Amino acid sequence: GGGVNDRLLNLVSLPTDGKYVLRVEPSDGLIVGSIDDTGNYSFVVWTPARNPVPTPIDFGQALPAEIKMRGDIAVFSLNVTAAHVGQPVSITVSPEKSGRGFTSILQLLAPDGTVLASTGNGNGHAWGTEIDDFLLPAAGTYTIRFFDNEQDSTGSFTLGVSDQPITAPAALPGVAALNSAPATFVSG
Numbered sequence: 061g062g063g064v065n066d067r068l069l070n071l072v073s074l075p076t077d078g079k080y081v082l083r084v085e086p087s088d089g090l091i092v093g094s095i096d097d098t099g100n101y102s103f104v105v106w107t108p109a110r111n112p113v114p115t116p117i118d119f120g121q122a123l124p125a126e127i128k129m130r131g132d133i134a135v136f137s138l139n140v141t142a143a144h145v146g147q148p149v150s151i152t153v154s155p156e157k158s159g160r161g162f163t164s165i166l167q168l169l170a171p172d173g174t175v176l177a178s179t180g181n182g183n184g185h186a187w188g189t190e191i192d193d194f195l196l197p198a199a200g201t202y203t204i205r206f207f208d209n210e211q212d213s214t215g216s217f218t219l220g221v222s223d224q225p226i227t228a229p230a231a232l233p234g235v236a237a238l239n240s241a242p243a244t245f246v247s248g
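For the record, in the sequence shown the residue sitting at position 144 is 204 according to this note's numbering, with numbers rising by one throughout.
I should point out that these hints are in silico values taken from the structure, not numbers from a laboratory.
What you were told as hints is all true, and nothing was included just to trick you.
Quick list of in silico lysine to any residue cross-link-like pairs, SDA-like style, CA-CA up to 20 Å:
| id | residue 1 | residue 2 |
| --- | --- | --- |
| 1 | K157 | L123 |
| 2 | K157 | S216 |
| 3 | K157 | T214 |
| 4 | K128 | R205 |
Model, not experiment: these values are computed from the prediction.
Can you make the complete structure from the sequences, with help from the hints?
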């Protein structure tokens with residue numbers, strides 16, 4: 061937001077308390093004496109939830125959430141114990157339920173706030189968004205954030221967390237013997 065042709069002044073931070081003027085102009089930004097269009101104008105001022113209290117979520121749990129206002133961020137907290145360190149975690153978000161345009165951003169933040177993993181999905185209204193098999197480096201409270209990349213869409217979704225223990229793969233009978241023989245290529 062903040063440009064000449066914006067339909068949204070999106071995420072504008074005002075530097076100080078005080079009076080501000082909102083000026084509505086023609087879309088080309090030019091004001092000339094021949095403008096004779098008159099009519100009613102309306103606007104809305106809102107404060108998005110940019111740093112809400114995180115919703116606790118556990119491994120193996122899926123919770124509904126919502127981006128209620130343009131610019132909101134959905135935030136979850138995930139408690140990682142020593143038993144989870146070095147184990148992979150997958151975080152998935154369902155497609156936005158109404159099917160309207162939604163460009164998803166999903167992030168996993170370390171206990172110190174560092175972004176560890178981030179993924180975007182330009183079709184978050186049609187397909188889910190996922191951080192897949194991320195190895196958790198340390199114990200602590202991690203933060204999961206989800207929001208619309210363009211900060212101008214709202215919607216409902218479900219966010220889920222699963223832990224998948226790493227186990228040694230089981231050998232398939234006879235496969236090792238087949239794969240250990242030298243390969244021969246024949247040109248034809």
